[in-house]
Amino acid sequence: MGRVFRNVFLGICVVLWIAPLWLLVVNTIAPADTYAEDSPQWWPDGFGLLGNLARAWTEAGIGAGFANSVLYAVVCSAVAVLIATMAGFAVVVLPVRRPVLWFWFIYSGTLFPLQMFLAPLFGMYAESDLYDTQLGLGLVYVALAIPFAFFVVRNQLTTIPAELTEAAQLDGASWWRIFGSIHLPLMRTAMLAAFAFQFTWVWNDLLFGITLARSPQVTPVMAALASLSGNYGSVPTPVILTGALIVSIPTIAIFLGFQRAFARGIGASL
Amino acid sequence: MTQTIARPDRLTSRPRIVRPRSSTQPVGRAASIPFLAPAVIFVGVLLVYPFLASVWSSLFDDNGFTQRFVGLDNFGKLVADPILARSLLNTLMWVVGTLVLPVVLGLAIAVASNSLSRRWGAFVRGAIVLPYAISGSATAALWHFLLESHGAVNQVLNTVGLGGLTTSWLLNWPQNTLSMIVASTWQATGFSVILFLVGLQSIPRDTVEAASIDGAGGWRMFASIIFPQLRPVTVVVVGMALVNSLKSFDIIWVLTQGGPARTSETLALTMYRETFLLFHVGYGSAVAVLLTVIVIAAAWLYLRTQLPRVR
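As given, the protein sequences belong to chains G and B, one line each in that order.
Residue numbering for the first sequence follows the numbering used here, beginning at 10 and increasing consecutively.
Residue numbering for the second sequence follows the numbering used here, beginning at 444 and increasing consecutively.
Just so you know, the hints here were simulated from the structure itself, not pulled from any lab data.
Incorrect hints may have been included.
Said to hold, decoys possible - Derived Cβ-Cβ restraints for the label pairs, each shown as a range:
(1) G/R186 to B/R562: 34 to 44 Å
(2) B/L542 to G/D180: 46 to 56 Å
(3) G/G20 to B/G514: 22 to 32 Å
(4) G/L59 to B/W743: 51 to 61 Å
(5) G/F14 to B/V599: 17 to 27 Å
(6) B/K520 to G/G266: 42 to 52 Å
(7) B/L559 to G/L30: 14 to 24 Å
(8) G/P225 to B/V599: 49 to 59 Å
(9) B/R674 to G/V24: 29 to 39 Å
C-beta: ideal position from N, C-alpha, C; glycine also.
Please put together the full structure from these sequences, using the hints given.
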């Protein structure tokens, strides 16, 4: 009885979860020109995937946004993780005055709703010509990614025994040397996990992308997708769905690639 | 930046690391500046300063061009604003919906699929978890297609003979908010499944075996043995769902933009519309401040009631 109930419950869940994905795939493959607007298709009828891909990529601006987002997600996350690791090293290993205060200062960035940063950033950017530039958006993404990466890396750093540092100090190594040849190599896994988290976050951001930039050469891919799906009716449905599918590929890849690191990182922070 | 709630117990009670005395390196303190400075500058200039500027700006009547100090008037206007009442109600619906649905479903799916064979378990979990890897904007684009007047949801309802239930899912309140909560559940449940599975795997096998020797099984086993040991995970899952649902933006923005006629706005959307579309900068900042107070109060209350029992 229990087993039957369990299987029925899981069966229903799987169907409910897969049905939207199935519809996404089938209606992405459907040729845009002959697509009947009135009813979603449940079975592929013709092959228009490549045409839809081309239209979403060029006409709808997903391609330009994609390139921008790759730049932001890879570079900003990598820079943020490195900066966060250096700060973690300072707070945990170096003889800093008031390490707890610095911890909370940097970590406070994750506590506030993102809406709190928006209007003043917009004002600052408008005054300093950073508005609608890749550099401007990139700087914000670095800043936003630092606090949580710092949290992950710092937790990991506290598990490295202090004796390692002391031994290196007795050998006369400088702090940069100790950081570079002891802590960085030991922190590789945690840094990679933090990078994967931040990559996903930057990639998925819509709020800052539509607030601090507007031209297609600067806006990230989610902004392009949002304005594309704001045009339901004038843009054929298969093209919009293809856009949604394309933007999901990098995060799905990261997710599958880092599944173990994610689970371990989560497990360690519980 | 997956947002999470800090665990204060970890911070204060960790054994203090013995810091190398500065006798070996007299300039030890100055040496830490280049390590700490980049993070402090980025966070200080681009996050902490804007945060304080937002608080300050909520005290002004600011239309984007001129500003006039009005003290707490913006907050007085908030209380009287019917849009804000609706927005608060929607935010509350989001909080309740995203706490109940993804957390309960995630727990149920994790526990039920944990006893499946390896292959089936992986298949079931893969199906539920995959949407989690899809962004909010893409989820919204897909669900727009499902929820349209002649979208897949109404099509299915008509086909199975429930045509009476079809409606314009995104055009009327409260269906629009409820449908978006369902869309968000579809995307987010995978994350609680992952967390609960990690928790389940950390339960020592012998407590479960001992209970089954004593004759506990099924519901009894879950309620008295398994769930109590999942408590630390539940605290984290609920805390994250709480904080994230208060800030939900992209699904709503892409699906309805808070409309029609601002009926599906949450606080996050109201702030965006007031500031960037209506140029009520001071008033928008007041909404952001209100949202911050709610987020921090909710997180604090929740952690305060839950953490002591964890130990």
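> Which earlier hints turn out false for this structure, listed by number in ascending order?
Replying inline: 1, 3 and 8
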